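Take the two lone chains and join them into the complex the hints point to.
Line by line, the protein sequences give chains A and B. In terms of numbering that gives the first Met the number 0, the first sequence opens at residue 0 and continues consecutively. In terms of numbering that gives the first Met the number 0, the second sequence opens at residue 0 and continues consecutively.
Since the hints were derived computationally from the structure, they do not count as laboratory data. Please note that the accuracy of each hint is not assured.
Derived Cβ-Cβ restraints for the label pairs, each shown as a range [stated by the list, open to error]:
(1) B/Thr130 <-> A/Thr17: 18 to 26 Å
(2) A/Asn1 <-> B/Pro95: 29 to 37 Å
(3) A/Arg108 <-> B/Pro152: 51 to 59 Å
(4) A/Arg88 <-> B/Asp154: 29 to 37 Å
(5) A/Arg88 <-> B/Arg1: 22 to 30 Å
(6) A/Lys141 <-> B/Glu93: 18 to 26 Å
(7) B/Ile4 <-> A/Lys141: 30 to 38 Å
(8) A/Leu47 <-> B/Thr151: 18 to 26 Å
(9) A/Pro53 <-> B/Gln27: 24 to 32 Å
(10) B/Pro34 <-> A/Ala31: 18 to 26 Å
(11) A/Arg108 <-> B/Glu131: 28 to 36 Å
Calculated Cβ distances over 12 Å to all of chain B for the following chain A residues [stated by the list, open to error]:
(12) Glu6
(13) Trp100
(14) Val103
(15) Asp105
(16) Lys106
(17) Asp125
These stretches of chain A come out as covered by chain B in the derived footprint (C-beta under 8 Å, 3 or more residues) [what the hints assert, rightly or not]:
(18) 13-19
(19) 58-66
(20) 71-79
From a predicted model like this one, the values you see are computed outputs, not experimental measurements. We put the beta carbon where it would ideally sit given N, CA and C, even for glycine.
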Amino acid sequence: MNRRTFESVEIGDELSLTRGPLTEPIMMRWSANMENWHRIHYDRKFALEHEKLPDLLVNGSFKQQFIMTMLRKWAGAEGWVWKVKFQFRAMNLVGETLQVWARVADKKREADYGLIELELGIKNNDGKESTPGTALVALPYKDGARVRYPFVPPKIKSDK
Amino acid sequence: MRQFIGVESDILSAPEPVESGAVRRYAQAIMDEDPVFADDGKAQGQGLPGKVAPPLFPVQSFRRAFGTPDQLVERAADPDFDGSVGSSMRGLPELPTAGLVRLNGGSEIELLRYARHGERISIQARYASITERETSKGPMIIVVIETSYFTTPDDPIMRVRSTSLLREPQK
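One chain only, chain B, in its complex shape (with noise of 0.2 Å):
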């Protein structure tokens, strides 16, 4: 699996422009329904330019295109398939890790600014490591992606390193 490693993605765009509907959805999901993110004349009161989504929105940003190949029902007949489609979602390649729990080791986040109403979010992923360790659970593989999220290369909005942990499922 090292080959992964350095593997950086294409810039990917985000299906859809951030909007309202989206961001309100997120704000009552999060339970953060702080008026900045609905009402520009709030936003705008505390120095914002104009209504803005919840600094995390733009990691979620990311969801199956349309028309793209739909992994829930192509892989429908897999009693081992767990539902996660991460990578595939930031543009990298998947790793050959199929029948492994993949749990959430945590996350390094850098937060320039936030996303704004309308605006098309970008990012660009790369592996940044790959690593094994051994572990009371058995031998564990330890994922590590570096995300930039962007409009244009040349403004930043975020930037996420985050951490996957892979085992065997536990007997």
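Next comes chain A alone, as it looks inside the complex (with noise of 0.2 Å):
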């Protein structure tokens, strides 16, 4: 895998991660295993007659875990997701298919490694953003040292 750095990221870049479509089995797997009972999200019964929900809807839980993947896969073994931040405005239902974006929106020089700020969201089938958010994310210098684990906060205000 190549390494990412600092250096070789530039303000519009652009990352995705496609998940889908998210079955009933895919949704009930991952209600079952975080233990979330909730019953909007396996069953339909209630969500539709109860809550007035018009379908099963996608845990919020489940689509931060793929904002995560996509900024993990992307920082690289050497690179740190520090704060991801994001809204769930909108539903997505059981069965769309998820495009996870995310584009960098500006880049700040710290003294141990960089910070990438990015935006981001999940778009489903047709289209429509339902999760905007933000999120930093700290890569190597190209001739510096991977980013540090466990991760240590930037302490002084950065400059571009």
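This is how it looks when you write it as structure tokens:
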């Protein structure tokens, strides 16, 4: 795997991950795994008739995994996904295929590593955005050491 | 409900240490079978001390401990019980929101390291804010919970600020 460095990243670079179709078994496996018994994720009758939802909902806790997987794979073994922030603004329903995306919005130099600011989100089959957010990923400098593990947040105000 | 703002849980430990079977099931469920989650050598090759859990594994580590009340059984006759038992899993008192629909509004996550196999994760949570807002679908209660994950207070793993949205069921 190529080493991703601060210098190798350009503002506007894009990353993506596809997950789906998210079928009932795939969603049930996640609910069972986390022992989340919230019925809107697996009990269609309850979701539709009691909660008046259009169908079973993809768990927010499930969607955030996809964001983290995409960012980790992009950061590589020498980088670190430090902060991720997102809002679940729209529902994703069972059967959808999700397009997880991010775009480099800014770069900042810190003493020991560079910080990459990304905009991100999750779109469904129709291109509707459900999960807008942002992330900060630390990457090593081209001639520098890998980002220290465990991660040490920057202590001083960053300069571009 | 404002009296809950600032209420903090005791330090609560996960019912079990991070173990390989749970990590395998978790990694398979999130469809990310990265070898660092299962193989010490692969993990060490990537600069980690040994095999680790997926980054958000600690968030889902707080399950009902053996011998504690089982809400699924206790509320089996309640047709309005939506099955969610989230707040109690973080040691916080339940909010009086029975009958309201609860939706996940989002999160802010700060990740400092991965949980390691064999270590026991602890948390401390607090109700950071509880506000009410009028929306096109009626009034909505917005609950923000801040949770710190650690093994000891000076060995943090991650911090999460999560938002829940509660509203009346739609007619």
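So, going through the hints one by one against the coordinates:
no., hint, verdict
1, B/Thr130 <-> A/Thr17: 18 to 26 Å, "36 Å, violated"
2, A/Asn1 <-> B/Pro95: 29 to 37 Å, "54 Å, violated"
3, A/Arg108 <-> B/Pro152: 51 to 59 Å, "32 Å, violated"
4, A/Arg88 <-> B/Asp154: 29 to 37 Å, "35 Å, holds"
5, A/Arg88 <-> B/Arg1: 22 to 30 Å, "26 Å, holds"
6, A/Lys141 <-> B/Glu93: 18 to 26 Å, "52 Å, violated"
7, B/Ile4 <-> A/Lys141: 30 to 38 Å, "47 Å, violated"
8, A/Leu47 <-> B/Thr151: 18 to 26 Å, "46 Å, violated"
9, A/Pro53 <-> B/Gln27: 24 to 32 Å, "28 Å, holds"
10, B/Pro34 <-> A/Ala31: 18 to 26 Å, "24 Å, holds"
11, A/Arg108 <-> B/Glu131: 28 to 36 Å, "43 Å, violated"
12, Glu6, "20 Å, holds"
13, Trp100, "17 Å, holds"
14, Val103, "19 Å, holds"
15, Asp105, "18 Å, holds"
16, Lys106, "20 Å, holds"
17, Asp125, "20 Å, holds"
18, 13-19, "violated (count 1)"
19, 58-66, "holds (count 7)"
20, 71-79, "holds (count 4)"
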